[in-house]
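There are 4 protein chains.
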Amino acid sequence: MKVRVGIIGATGYTAYEAIRLLLRHPHAEVTAVTSRQDEGLPIAAVHPQLTRLLDLKLEPLEVDSFAERCDVAFCCLPHGASAETVKQLREVNCKVIDFSADFRLSRVAEYETWYGVQHPWPELVGQVAYGLPELFADQIKDADLIANPGCYPTSAIMPLAPLLKAGAIQSGDIIVDSKSGVSGAGRTPKLGTLYCEANESIAPYAIGAHRHQPEMNDIIHRFSGSSTDILFTPHLTPMDRGILSTIYVRPNGVDADAVREIWQSAYRDSPFVRIVDHIPSTKHVAGTNFVDLAVRTAGNRLVVVAAIDNLIKGASGAAVQNLNCIYGWDQTLGLL
Amino acid sequence: MKVRVGIIGATGYTAYEAIRLLLRHPHAEVTAVTSRQDEGLPIAAVHPQLTRLLDLKLEPLEVDSFAERCDVAFCCLPHGASAETVKQLREVNCKVIDFSADFRLSRVAEYETWYGVQHPWPELVGQVAYGLPELFADQIKDADLIANPGCYPTSAIMPLAPLLKAGAIQSGDIIVDSKSGVSGAGRTPKLGTLYCEANESIAPYAIGAHRHQPEMNDIIHRFSGSSTDILFTPHLTPMDRGILSTIYVRPNGVDADAVREIWQSAYRDSPFVRIVDHIPSTKHVAGTNFVDLAVRTAGNRLVVVAAIDNLIKGASGAAVQNLNCIYGWDQTLGLL
Amino acid sequence: MKVRVGIIGATGYTAYEAIRLLLRHPHAEVTAVTSRQDEGLPIAAVHPQLTRLLDLKLEPLEVDSFAERCDVAFCCLPHGASAETVKQLREVNCKVIDFSADFRLSRVAEYETWYGVQHPWPELVGQVAYGLPELFADQIKDADLIANPGCYPTSAIMPLAPLLKAGAIQSGDIIVDSKSGVSGAGRTPKLGTLYCEANESIAPYAIGAHRHQPEMNDIIHRFSGSSTDILFTPHLTPMDRGILSTIYVRPNGVDADAVREIWQSAYRDSPFVRIVDHIPSTKHVAGTNFVDLAVRTAGNRLVVVAAIDNLIKGASGAAVQNLNCIYGWDQTLGLL
Amino acid sequence: MKVRVGIIGATGYTAYEAIRLLLRHPHAEVTAVTSRQDEGLPIAAVHPQLTRLLDLKLEPLEVDSFAERCDVAFCCLPHGASAETVKQLREVNCKVIDFSADFRLSRVAEYETWYGVQHPWPELVGQVAYGLPELFADQIKDADLIANPGCYPTSAIMPLAPLLKAGAIQSGDIIVDSKSGVSGAGRTPKLGTLYCEANESIAPYAIGAHRHQPEMNDIIHRFSGSSTDILFTPHLTPMDRGILSTIYVRPNGVDADAVREIWQSAYRDSPFVRIVDHIPSTKHVAGTNFVDLAVRTAGNRLVVVAAIDNLIKGASGAAVQNLNCIYGWDQTLGLL
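Protein chains in written order, with the UniProt record's numbering: chain W, 1 to 336; chain G, 1 to 336; chain F, 1 to 336; chain X, 1 to 336.
Hints may contain errors.
Pairwise CB distance ranges (calculated) [what the hints assert, rightly or not]:
| no. | chain 1 | residue 1 | chain 2 | residue 2 | range |
| --- | --- | --- | --- | --- | --- |
| 1 | X | Ala109 | W | Lys141 | 57 to 65 Å |
| 2 | X | Pro42 | F | Pro78 | 45 to 53 Å |
| 3 | W | Gln37 | G | Lys165 | 32 to 40 Å |
| 4 | W | Glu84 | G | Pro42 | 35 to 43 Å |
| 5 | W | Asp257 | X | Arg69 | 41 to 49 Å |
| 6 | G | His221 | X | His27 | 44 to 52 Å |
| 7 | W | Gln37 | X | Pro42 | 40 to 48 Å |
| 8 | W | Arg260 | G | Pro78 | 57 to 65 Å |
| 9 | X | Gly299 | W | Asn252 | 15 to 23 Å |
Note that these hints are calculated values from the structure, not bench results. Fair warning: this is a prediction, and the values are worked out from it, not measured in the lab. Note that CB positions come from ideal geometry on N, CA and C, so glycine has one too.
Build out the structure end to end from the sequences listed, making use of the hints.
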């Protein structure tokens, strides 16, 4: 019998992507989709790509009824709202993979500073597994609640964590210059994500002030031991999907080959990490759960390049990978 | 002294394009910009491209004050609202170039059927010059109010009118298959014009039911003598701007050369019509006021191809061209 | 044991797409990839997306050696060259799915007129199964050689064939206005497919003179009984992939509902045909093997809309679907 | 009488853009266009946008005949070839604005290292005015030969030069992370600039090894006094045009306001520099000669953002601006 997954907040891009991946999964199935605003509509009315593929109607979330029909919830609600719902779902024993930022940070104070809301379930903050199986497999295995990582942090933490753990780079001088496709900004109509605003345009936003900066620093800190101070600049890039992070670091006497060896060793058993000699592009990973990593020497710095699909390894693919880990399945099920 | 132009509803794409063109105009200047929703903001706050180029604040429209500072209004309001405002502006003797559809059709009944509102100024319907100087120069010259044409109709009427007038094609069997850039859908945030919806996507909409279909038929009828029945299918195309219309007609014993001769003769004195041998692309006319026309024989049909920039010849360029005509200036001022 | 597939001419977009689909196939595997120009390179050097997914080197085609390692060849060579190779492969009993046009038409004379080359294997012309399983299942089953359909023809034949067979539309008045993503033009560097030429541009090409027009007429004729005269206009559209065909037909007394019923009946057992109420977009079918079909009434015409992914249902997905048919597997293997 | 400009190597994107700008120029006209490969074709055959706008045929360059008909040459040839031609043109007293890199660097040895060719006219290296009128007006005025700056260097030097001159930032720790539209890669068909390769893709290239890195360092050095060591990473971005440079620097005790004041003071009389409070996007400057500059504080760094149109301020607009300077005209002629 298949594991039953319900998607909460099913009208956005990450929700669609999660459904699409789960439709290919041999041991999981989607059994409920919720939405407050589009209640009653068939899922294919909001995602026409799902015509003939998934025959479910959007329903308002009622936790008890939902938990009867779902073993696991993929919770795609905005921060704040998400933690509230996660709490209710956990009380009726539904496992949860939370796409929001609500349980990613270690400290309540930092969460409340950056997200500007009171945390609805502060006692759990710092106790939840961060859903990067390549780095936190032990905590994810057997977890009932997982904080699915942010898209930008995934692209930065994956290359940086092993290097900091090995002491190969300086923790105090790291610049992450990231370029993201527009889907990262969500599906709610806004001026800035209109076609004619985003097309033929690239620009940074929230320079040194994006909420994913503290997430990067928080997670990275667990590997560096010492305090880290990543400077993070995201850029809105005219493409549907993909994140390309160009990362500038100072080596502690290592060269590019040594970096590749550290990665090889750290990710020996990680099927989704590809350490490549060519320079990665978002196109190489589009539609996949891969993280492509490369490194170049430039003057007295190393330049690390990481590419992911923001909707897959940066969101829904990671969620399915976490699902696989929770149930002890092969990490790649539904993802190749 | 320069002619003073005010832009009513100045936050959209056509308004921006009009401002940009007028900034290059030797005899005109922009002296007021209005917006209800963004009142008080500098125009460069909503159109950052205008930084250092135009130092005006958005103001709510007060007709008397506006008319003191503007000789001509470019009215970029939605249909219905526009006619109401046009009426007030005419009462204080401000000339108006109306970007809406409110005065384009000949009959009130048809307007009210297609636009679903009562016309605020029915006695003027059918009396207003249709702003295609290539075809209606006599009516535009000395006009105080001009109905600026729809973007799609411009791309269809320009090639078809001379052919129908010459009896070269059958009026009862015309298909206009048009492809438009996303800017044609306006700047108000909507799901369908989000980058991630419109990008990598082409689709028709309002098949045989778009409001520009009766506009085409109405104007074309003035040339064909007999009733016309254009079938019009617009398509949303993943690009900022441009309209490419592929038009299928039945010749009355003429070939492609004869069509080109009819065009050459009709547009001998029209600086913005280019009859080309190659196949036009929207890219060839982007940023210009040109209409590129070509024709090919295919079986027992002729295939006519017309390309314009929907924001320029399809909207703001036409408005400036009309302004030039009203004031007796060379048609090309500000437009080359 | 898996069926072994070799890809001949493996450096282009359709070849990549075929490999990607076969990697997901439960009963097939890719065992050889050939290329004259890139001989010796790992496949991942020309398709970086395949890094870690397929560990094969590009080899020059030697038929005997190839046939020892491959049960089936996907032949992605250009027309003319393809038939020559197909002949050799058949002589050593390798099954072939031919992506070229060499065996699609019924008559040698027509082939030679449109393709401008002498046919290398004329006695087989007209004897080869046309690879649309939805329409030619009987001929495909047990075939050793299949002519994989052209991308544009697939988008036109799928909606038109059942309607012509049912006598629901007139065969002499059909216009197919198609819009294709740039990948349809192949991966060989040419001016017209450079990013800066194709981006922000839409234009028709080969109006009434494209080689897919006789292919459409040839196949359609088998259903209409009478002679057909499709007028076909392809357009290069600024997107990677997808074909949207807008088809104008004259009904023989049927309405849109009747059309949908004819399709429903004809494609009752076809898992990849979706008859939809909304208007299809290329985005709805991108990355899938679906054909989305819709119809609208417009005046005295019907407007049919068909959307496919040109690289999948229009090429490599069709090839895999044909493979499934040849081996008697479920049509959807590897394709959902 | 107008100044007569000839375009050498007129088939590329920068040449087209130069022609388009000169067509609007009140005191200049294009009197010759050369091309070896397309000799004899009308210019509109290679740039269809110029239909009816410029009636010249492409000719092979014959220096004597060219110089009789042209007062100034815009030389758009590749490096190496360009210096050779520049030498001949100067010998017949034709003024030259050289779009290539041949006369940008100060030292022959560095040129030969980075460009891999022997310099054809080494005695002039280091003697030629670098064509940024905002910084080198004195050298440009009355010059007969100008080295038109590289596109990336313009985006980096403009913000950095005044800051280094003022000692406001550290010269030894500067990272320039640039994102360029595809037109920067030229119009010669290559795999990497095909639509289907560049679309939906962002990737860095030539990390720390691009030829514009020594150009930046060379020019910047003239302002910093001390040696500079810029680390430069260009990225190919899916858009036609525009460069966005995100620049990471270490302040010497200055804050963002101080940076803006230094820029204001340095560029007080520079009509094309806009120091903005919002974050610049390439879209804000597309089609213009503007450089938009902004700065933000982030931790202990300053993040500078510069946006230009790579084909205009990054190439052809700069050339026209230099032309204006040479002839003592207002810098903005033809450029607003």
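Status of each hint after checking the structure:
Restraint check, alanine 109 of chain X to lysine 141 of chain W: a C-beta distance of roughly 60 Å satisfies the suggested window 57 to 65 Å. Distance hint check: the CB atoms of proline 42 of chain X and proline 78 of chain F are about 32 Å apart, inconsistent with the given range 45 to 53 Å. Our hint of 32 to 40 Å for glutamine 37 of chain W and lysine 165 of chain G is violated, since their Cβ atoms are close to 52 Å apart. Evaluation of the 35 to 43 Å hint for glutamate 84 of chain W and proline 42 of chain G yields a pass: the beta carbon distance comes to about 41 Å.
Taking the beta carbon of each, aspartate 257 of chain W and arginine 69 of chain X are about 58 Å apart, not inside 41 to 49 Å as hinted. Distance hint check: the CB atoms of histidine 221 of chain G and histidine 27 of chain X are about 48 Å apart, consistent with the given range 44 to 52 Å. The supplied range of 40 to 48 Å is broken by glutamine 37 of chain W and proline 42 of chain X, whose beta-carbon atoms lie about 57 Å from each other. Our hint of 57 to 65 Å for arginine 260 of chain W and proline 78 of chain G holds, since their Cβ atoms are close to 59 Å apart.
Take glycine 299 of chain X and asparagine 252 of chain W: their Cβ atoms lie about 21 Å apart, and the range 15 to 23 Å holds.
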